[in-house]
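J.: The lines below spell out each chain.
2 protein chains.
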Amino acid sequence: MTITITAFENSPDGGRGLARDMRVRWALEEVGQPYDVRLLSFAALKEPAHKALHPFGQIPTYEDGELVLFESGAILIHLAERHGGLLPKEGNARARAIAWMFAALNTVEPAIFDRSLVTILERDQPWFEHRLRALDELIRKRLGDLSARLGDADWLDGAFSAADILMVTVLRRLHGTGLMEAYPNLVAYVARAEARPAYQRAFAAQRAVFDAAR
Amino acid sequence: MTITITAFENSPDGGRGLARDMRVRWALEEVGQPYDVRLLSFAALKEPAHKALHPFGQIPTYEDGELVLFESGAILIHLAERHGGLLPKEGNARARAIAWMFAALNTVEPAIFDRSLVTILERDQPWFEHRLRALDELIRKRLGDLSARLGDADWLDGAFSAADILMVTVLRRLHGTGLMEAYPNLVAYVARAEARPAYQRAFAAQRAVFDAAR
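Keeping their order, the protein sequence lines are chains A and B. The first sequence lines up with residues 1 to 214 when you count with the working numbering. The second sequence lines up with residues 215 to 428 when you count with the working numbering.
Chain A extracted, bound-state conformation (with noise of 0.2 angstroms):
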């Protein structure tokens, strides 16, 4: 059975890896899983065909057999349920890593997406500096419990495991912002992350996508 994801036809990233698709990409790579893609134009992604997979339209989606799912952070669960490597075995650290899963998502993630999009829709508002002051105040409250927890540990908790997946691509979107430089332990963590071969194999994969699209 041939696993197919979703990922946009033209990532408004800029070939960055920013977009959801990479998080599962990059799983799949640990996992050593091969995977299709199936590229979405915007106007596809509203179209009832791709809403029966994604009741929100949105990407990424996850098709193996019967089994559709969306929601990068349950398709990484999923994954793990599968294959080894993804989240620890034993079943007191596998919630702890299952908790930094939600950690990264609905905890770092919210304050950090909408700067991105406070930053191309409202820069021309009056209240564009108010705005970004108050959501970097909230970035940098959050990147400092973070960085005081992990300390100088390799991962978030133990081996690397989904959540770090997680927490790094949330982390990485504020590349060129200046905010996380106040944490060495973060952009550490971060490049760690990065230098993993599984990451820089789903990166090249997003990047060609986008290449093949200018």
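In case anyone wonders, no lab produced these hints; they're calculated from the structure. Please read these numbers as outputs of a predicted model, since none were measured by experiment. No incorrect hints appear here.
Straight-line Cα separation of at most 30 angstroms, BS3-like style, residue types lysine-lysine; simulated pairs:
{"no.": "1", "chain 1": "A", "residue 1": "Lys46", "chain 2": "B", "residue 2": "Lys355"}
{"no.": "2", "chain 1": "B", "residue 1": "Lys303", "chain 2": "A", "residue 2": "Lys51"}
{"no.": "3", "chain 1": "A", "residue 1": "Lys89", "chain 2": "B", "residue 2": "Lys265"}
{"no.": "4", "chain 1": "A", "residue 1": "Lys141", "chain 2": "B", "residue 2": "Lys260"}
Listing some non-contacts, in silico: residues in chain B with all C-beta distances to chain A over 12 angstroms:
{"no.": "5", "residue": "Thr216"}
{"no.": "6", "residue": "Thr218"}
{"no.": "7", "residue": "Asn224"}
{"no.": "8", "residue": "Asp250"}
{"no.": "9", "residue": "Ala257"}
{"no.": "10", "residue": "Gly298"}
{"no.": "11", "residue": "Thr333"}
{"no.": "12", "residue": "Asp366"}
{"no.": "13", "residue": "Asp368"}
{"no.": "14", "residue": "Arg386"}
{"no.": "15", "residue": "Thr391"}
{"no.": "16", "residue": "Ala418"}
{"no.": "17", "residue": "Arg421"}
{"no.": "18", "residue": "Val423"}
Short, incomplete list of chain B residues facing chain A, as computed with Cβ under 8 angstroms:
{"no.": "19", "residue": "Leu281"}
{"no.": "20", "residue": "Phe284"}
{"no.": "21", "residue": "Ile291"}
{"no.": "22", "residue": "Ile312"}
{"no.": "23", "residue": "Thr321"}
Note that the Cβ used here is the ideal one computed from N, Cα and C, for glycine as well.
Please arrange chain B on chain A, whose structure you already have, making use of the hints.
T.: Just chain B now, with coordinates in the frame of chain A:
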């Protein structure tokens, strides 16, 4: 071993059960698991003792012997591993329910949560009306997609699951905004969930904290 969770000593929601401990209380009631609650002041949330349990200084946390968890979504998955009734046993159905858990927290909640904050914190700002309109537009898009997918089903994907606990607690934050009323099946979905005895026990328990604090 006694399970202990944390909650606000003085919830900012006025006893309406909108804080995230409600999700964990509800899930514990669904599986019939007794629990203790440690109430925390806003100051205590930021102290080292609590941050050792929750890196971002929030509620709820979950302690059971040596295991310490944070993030309501992760706590619900852990409870589902230990007890029946919160997630399907069959692999594909379980993976789909987990997709809905992430959808509730990462796709539906952010705009709804932002709207709550904006109406409290930004009401006097010059951009208030603009921000509210933009958030309401995004919320309506999400509700429209959710309503279309739910159709006339009772729950998100087959039997009641932890995904319904998360989605309903997210949607309840819209009470009083008038946004949900355009989608009668979502109004009925929330009412159906609120009628569950486990929900009512959890609601009464968090309400008792509010009443005692007054």
